[in-house]
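**Q** Protein chains in written order, with the working numbering: chain A, 1 to 257; chain B, 1 to 257.
Hints were generated in silico from the structure; no laboratory data involved. Treat the hints with caution; some may be incorrect.
Note that identical chains are pooled: a pair holds if it fits in a single copy or bridges any two copies.
Here are the computed lysine to any residue pairs in the SDA-like style, where the Cα-Cα straight-line distance is at most 20 Å [as the list claims (entries may be wrong)]:
1. Lys147 <-> Arg230
2. Lys208 <-> Ser105
3. Lys44 <-> Glu201
4. Lys23 <-> Arg206
5. Lys81 <-> Gly254
6. Lys42 <-> Phe210
7. Lys208 <-> His126
8. Lys23 <-> Lys81
9. Lys187 <-> Glu160
10. Lys208 <-> Phe185
11. Lys208 <-> Tyr197
12. Lys23 <-> Thr217
13. Lys208 <-> Ala122
14. Lys208 <-> Pro198
15. Lys190 <-> Ala102
16. Lys190 <-> Ser154
17. Lys86 <-> Ile139
2 protein chains.
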Amino acid sequence: MYYFAVMNVVIIGTGNVAAVLSKMIRSTPHRLMQIAGRDISKSKLLAASAGVEASTFDNIYPGADMYIIAVADTALPEIAKTFHCKGIVVHTAGAVSKEILANVSDGYGVLYPLQSLRANLADIPHVPFLIDGNTEETIAKIAVFAKTISSQVSVANDDERMKLHIAAVFVNNFINYLLTITNDFCKKEKTDFSLLYPLLEETITRLKMFSPAVMQTGPAIRNDKLTIHRHLQWLSNYPEMSELYEFFTERIRGYWR
Amino acid sequence: MYYFAVMNVVIIGTGNVAAVLSKMIRSTPHRLMQIAGRDISKSKLLAASAGVEASTFDNIYPGADMYIIAVADTALPEIAKTFHCKGIVVHTAGAVSKEILANVSDGYGVLYPLQSLRANLADIPHVPFLIDGNTEETIAKIAVFAKTISSQVSVANDDERMKLHIAAVFVNNFINYLLTITNDFCKKEKTDFSLLYPLLEETITRLKMFSPAVMQTGPAIRNDKLTIHRHLQWLSNYPEMSELYEFFTERIRGYWR
C-alpha cells in the first residue's frame, strides 16, 4: 500500500500549455480547482471544458497545493510581482529563471514541458518534463506531481533548461517551418506530400541509433553540382525555397568538407 | 496459382543506392547476376557481400532482363553513351530525365527510391519507389519488378520525380543538417539530445493528421522577443547556430504574420 499525494491545483494562464496541462491533470486523482486568466472570457472557455471554476488574476483561489503559471514569458514578471501564495508555485517557461518566482512563495520552481503543446489536439503526446525548485524538498514535491502526469521527469537547472529549449526550437520549430514550406510546394505543384512520410520517419528512426552527422545524404554532401543546379532552376519560381536551398547547400558542403 | 517473373538483374554502380538495392534484390527470387563498377576493387567488395560476380563497366553481362544503373548523376551520361543492352534499363536518379537512356535499350525507364539509403545500415527502411518507362509495356515490367522489392510503387514522370526529389532534399537533407548541428550543440553543452526524441516524433506524427502550417509553436510564431533575445545571447558562442536562428525566426514571423 502507498499513499498518493492528491494535490489541489490552480492553473494560471489560458494558452496552449495551460490547456494541455489542464487535460493532463484531469486524468489524474489531483483536483484542478481553478483556471485563472487575464481575460475572463478565455479562462471561462478553458475552465468550462475542464469543468472547473474560472477567475481573473486578482481572484486566485488561495488554498491550493500547486500553482502552475503557464503564461507568455513577457507576462510572467507582472504576475510574479503581484501574486503570492502558500502552496508551491511553478512556471512552465523554458527560457526564464526559476528565481523570477522567488517572492511569490517559499516553495517555487519550474515544470517545463519539453514538447510542442497545442490546445486543439485531441491526443496528448508523450511529454518529458524538466523540473527545478528552490530547495531539495520543493524539487521532490514537484517531482512527485510531475510523475503523476508524465513517465519522463528530469531535474534540470535554469542553464540546462535553456539549452534544451534552444535545441527544441531547432528540432521542432525550424523543422516544422521546413515541413510547412515543403508541404505548400507539394500542394502548389499538385504532388503527394505523403509520399515523403517514410523518408521522414527514417530520418527520425536513425537518430536513435546513429549520430545524424554520419547519416547525411543527398546532392549537397555529394557535391553533385548538376543536380543542385537543376533543383535551383526548378525552384526559380519559389524565391524563398531557393534561398533556403542555397543556404543549406552551402552549410552542408562546409560541414562535411 | 500465379507465375512470378524471375528476372536476371545486373546492378551498375557501387554506391549507397547500389548496395541497398543489391540487398533488397537478394531477398527476392530474382537472380542478381553481377555488380559492375568503374573501380573494380569497389565492385568486388560489394559483389562479395552479395555473393555475385564483379566486373568493370566494359564487361557487363549481356543477357540480363533488368539493368539498374545506380551511379552519380554526373557519371550517367558517359554510361548512357557507351552501354547498350537488350533487357530493360533503368536509372535511379531523382533529377535526371529517363530520356538519357533512350539509346541504351528499346525498353528504358527509371526506378527511383524516395528514401535516404545508406550502405552501412543493417536494416533496410521502407522505400517508396517512383517508376517511369518509355512505353506502357516497359512501365508495366518495371512496376512488376519494383513491387517485388517494395510495397509502395507509384508511376511518376520526370517532372513529378524532380519535384519529389526537391521536396526530399528539404525534408531529409536539410532536416538532417538541423539535427546534426543541434546534436553537436547538445554534446558540447553536455546535455542529453535524446530528451528531444518525443518532440521530434510528435512533429512527424502530427504531419499525418494536420497541415504543418497549423502546427507551428515556439517563440518566433508567438513573436516572443524576450525569449528570442535570450536564446541569441546564449548562442553568441555558436555563430552558425545564431545565423540559422535569426534566419528561421525572420522566416517564421513572415510566414505567420
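**Q** Now, for every hint given, state plainly whether the structure supports it.
**A** Hints versus structure:
no.	hint	in the structure
1	Lys147 <-> Arg230	neither (52 Å within a copy, 29 Å between copies)
2	Lys208 <-> Ser105	neither (41 Å within a copy, 43 Å between copies)
3	Lys44 <-> Glu201	neither (39 Å within a copy, 33 Å between copies)
4	Lys23 <-> Arg206	between (32 Å within a copy, 18 Å between copies)
5	Lys81 <-> Gly254	neither (48 Å within a copy, 34 Å between copies)
6	Lys42 <-> Phe210	neither (45 Å within a copy, 24 Å between copies)
7	Lys208 <-> His126	both (17 Å within a copy, 17 Å between copies)
8	Lys23 <-> Lys81	neither (28 Å within a copy, 65 Å between copies)
9	Lys187 <-> Glu160	between (40 Å within a copy, 12 Å between copies)
10	Lys208 <-> Phe185	between (29 Å within a copy, 17 Å between copies)
11	Lys208 <-> Tyr197	both (18 Å within a copy, 8 Å between copies)
12	Lys23 <-> Thr217	between (41 Å within a copy, 19 Å between copies)
13	Lys208 <-> Ala122	between (27 Å within a copy, 14 Å between copies)
14	Lys208 <-> Pro198	both (16 Å within a copy, 11 Å between copies)
15	Lys190 <-> Ala102	neither (55 Å within a copy, 28 Å between copies)
16	Lys190 <-> Ser154	between (45 Å within a copy, 15 Å between copies)
17	Lys86 <-> Ile139	within (16 Å within a copy, 74 Å between copies)
In terms of the numbered hints stated before, the structure departs from hints 1, 2, 3, 5, 6, 8 and 15, listed from lowest to highest.
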